[in-house]
Amino acid sequence: MLAGKKWIDPRKIDWTDSMNPLTGRGWGPDPSRNPFMFDTLSDPIWLAIRGAHDLEPRILVVPDPIDEVIPAGQTYDTNVPMEPNSWLYALNTWITPAEEEDPANDFFVQITDAVTGAQVFSQQARATNLQPAIGNNRSGNGLRAFLSSPRAFLPPSYPVVRIVNLSGSNVKCNLNLFCAVEMR
Amino acid sequence: MSPTPGTPIASSNEPQYVEEAAIVTFEYTLNANQHVTRVPVPIDRDSDFLWTGLNGSETGSYTLNPTLPSGRYMCTSEIQNANFVSPDANQPTAIGPPPLYRAGSSGPLLDLTDTSGQTNLITLSFSGIRRIRTA
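In order, the protein sequence lines correspond to chains A and B. By numbering that gives the first Met the number 0, the letter at position 93 of the first sequence is numbered 92, and the numbering carries on one by one without gaps. By numbering that gives the first Met the number 0, the letter at position 13 of the second sequence is numbered 12, and the numbering carries on one by one without gaps.
Partial chain A-side listing against chain B, Cβ under 7 angstroms, derived:
(1) 15
(2) 17
(3) 58
(4) 59
(5) 60
(6) 63
(7) 64
(8) 175
Derived from the structure by calculation, the hints contain no laboratory data. This one's a predicted model, so the numbers in the text were calculated from it and none came from an experiment. By construction, the Cβ of each residue, glycine as well, lies at the ideal position given by its N, Cα and C atoms.
Between the sequences and the hints, there should be enough to build the whole structure, so can you do that?
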């Protein structure tokens, strides 16, 4: 049974690196737990970021403040005041009232680089696909949707977020951008 | 690569440390719709604390925003607990890059707001690595 399993010496794992996929906190060396996250965190750019100094975690919350209500059927565009040299690595969404309370509640999101025009999604993504409480997958590191590779926003760039409220009622639509910020 | 947890770093010129797993627990009760700011999560006086994971439980929804060791807030605005606090102790939300809080500091100061409209018992486990200076 163990023949196909690679032995990992626990003494060679950097336990101080919270994003080390080998630390087994939620993704673990067993790829069956979450191969996508494991692969993301094994990405060469991630390895470089994890080994870098003077980085701080940062969460950009949209809208700011989060209790801003977006009217039914309306599109909400905002420039997110991201600090220079930020790396976007994961995101998640939330809607209030929750979709369980009203299945019609949903919204679309898109994130665009203000300078290059590059978009994170090929077309606007449905928030329920990025939402931790839907699909019974609200667990641990599944709280967030990790990008396949961290995305840099270099000066003077910043993200432009578009939220489209699809529901027939006025709801609070939240999008959270999880970043690492260079402090130098 | 960090030193092996629980093993002193051998060096004649540099301070020596021991690193071991640690969990800093926090419990707070919010009244309905109450908003509090900068609630400390005290760090042990004998060791620095590297915050790498977060999980917890609550009796209702709330929003939170912790501060970083630099004094800045981690979030630009308070974030939904369901978007940030893992409910599973075996799968805490990975905090990365992990911030290092100095020994004896106030730790991550928490802004908390109840959004459930009822009394809300919040329990948080800040998991990570404790670094104790031995020489």
